[in-house]
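For the record, the sequence lines run as chains A and B. Quick note: the first sequence, position 18, residue 1138 per this note's numbering, numbers continuous. Quick note: the second sequence, position 164, residue 1284 per this note's numbering, numbers continuous.
No wet-lab data here; the hints were simulated from the structure. One or more hints might be untrue.
One copy or two, either will do: identical chains are not told apart, so a pair holds if it fits within one copy or between any two.
When the alpha-carbon atoms are kept at most 20 Å apart in a straight line, the in silico EDC-like pairs for lysine to aspartate or glutamate are as follows [said to hold, decoys possible]:
hint, residue 1, residue 2
1, 1269, 1182
2, 1265, 1136
3, 1218, 1292
4, 1288, 1277
5, 1265, 1182
6, 1265, 1185
7, 1151, 1277
8, 1269, 1181
9, 1265, 1211
10, 1265, 1181
11, 1319, 1228
12, 1132, 1236
There are 2 protein chains.
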Amino acid sequence: MDFSQYFPIWSKLTDDQRQRITQRVMRREVKKGALLHDSSNECTGLLLVRMGQLRAYILSDEGREITIYRLFDRDMCLFSASCIMRSIQFDITVEAEKDTELWLIPPDVYQAIMNESAAVANYTNEVMASRFSEVMWLVEQIMWKSLDKRLASFLAEESAIEGSMTLKLTHETIAKHLGSHREVVTRMLRYFQNEGLVKVSRGSVEILDMDALERLGE
Amino acid sequence: MDFSQYFPIWSKLTDDQRQRITQRVMRREVKKGALLHDSSNECTGLLLVRMGQLRAYILSDEGREITIYRLFDRDMCLFSASCIMRSIQFDITVEAEKDTELWLIPPDVYQAIMNESAAVANYTNEVMASRFSEVMWLVEQIMWKSLDKRLASFLAEESAIEGSMTLKLTHETIAKHLGSHREVVTRMLRYFQNEGLVKVSRGSVEILDMDALERLGE
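Let the sequences and hints guide you as you build the complete structure.
What follows is the structure, encoded as structure tokens:
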């Protein structure tokens, strides 16, 4: 068990606090596609990613989705434990985008330690500020940027995450990341293909001209 | 000086912390329209509203605006002191919507106390979570709600804030709250007027049928 190496402020905990966390933290391995948290469960717990990739998104009443942020190795998800703070008044859904190993920290033990430790409370603040910054970036994207630019940025970012020029993504999946409709994404990808930016095949998008894609996304 | 009655966790501070804040906090009175913080100043300080109304918004490169949240009596603004946390990576602008009395807390003194006090750090967490919830609500509005519904909600909310059925708002101002264009707002208000919901005159909007407006906004 190497939780202590992944929890960034382990060195700032007291022996008692370390013991209380160690006794309760749970190791989980989940498969790609697994649902880790949704609005039916108010307080699953905090998720600390050991290795893998999670996606946090919101859902409309009609079932539309938009990606709010993603979590990679060593990232922590607070909003799957919204009961730890009274002022968190929104629901997110968290799913595994890849096979993922993670720790689940029970909300009650985390909350108790956060209330007594300035170090843990300030760390929590930094995690929240970091997610807040991602959501503010998203607001700017949605408000001021047209969908073609957002799609171009998304494809370039995905390529960086995957380390590949060929992205295994359906048009439906892309639409859910961007909060758009499949038909709109299909039309836009066809336009990108005509411009020589990508090659679209069933279930995948191949990037042909990364420079042009990045320029368009800026 | 009654700062102690407005700062919600005064009772949880040590005498030393109280003294350090008291020595540095500044009382300000600003007129409606005054700019309190913008991106040219990284770290103005924390703003605690004694009486009045502030608006926090973001600006696009082209000068378009959208309101992110508002601050009323006893509310605190953190993001005008973004230097207190490394992970705050966005800029907001804060202006007075009404004549406002407030306290400005210098960022260095607040940061120092937050780092040593779990109570102050946890209070800061709650303030941030509360703003986060407002921004998530905004994302849902922008993504899933059409502009007519957003305009209807906005007018009903303004009426509640002002305690009046006649709102002194130009179409330009409404557009800046909603992140839209003046022309679009004018067209929509004309449609609302034809439906008997409002009466539009120069520089003001009178609400004629609040029930219908609220139904539309839901």
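Here is how each hint holds up against the structure:
no. : hint          : in the structure
1   : 1269 <-> 1182 : between (25 Å within a copy, 16 Å between copies)
2   : 1265 <-> 1136 : neither (50 Å within a copy, 49 Å between copies)
3   : 1218 <-> 1292 : within (17 Å within a copy, 46 Å between copies)
4   : 1288 <-> 1277 : within (14 Å within a copy, 45 Å between copies)
5   : 1265 <-> 1182 : between (24 Å within a copy, 11 Å between copies)
6   : 1265 <-> 1185 : both (18 Å within a copy, 13 Å between copies)
7   : 1151 <-> 1277 : neither (23 Å within a copy, 45 Å between copies)
8   : 1269 <-> 1181 : between (27 Å within a copy, 15 Å between copies)
9   : 1265 <-> 1211 : between (25 Å within a copy, 17 Å between copies)
10  : 1265 <-> 1181 : between (24 Å within a copy, 11 Å between copies)
11  : 1319 <-> 1228 : neither (49 Å within a copy, 53 Å between copies)
12  : 1132 <-> 1236 : both (12 Å within a copy, 12 Å between copies)
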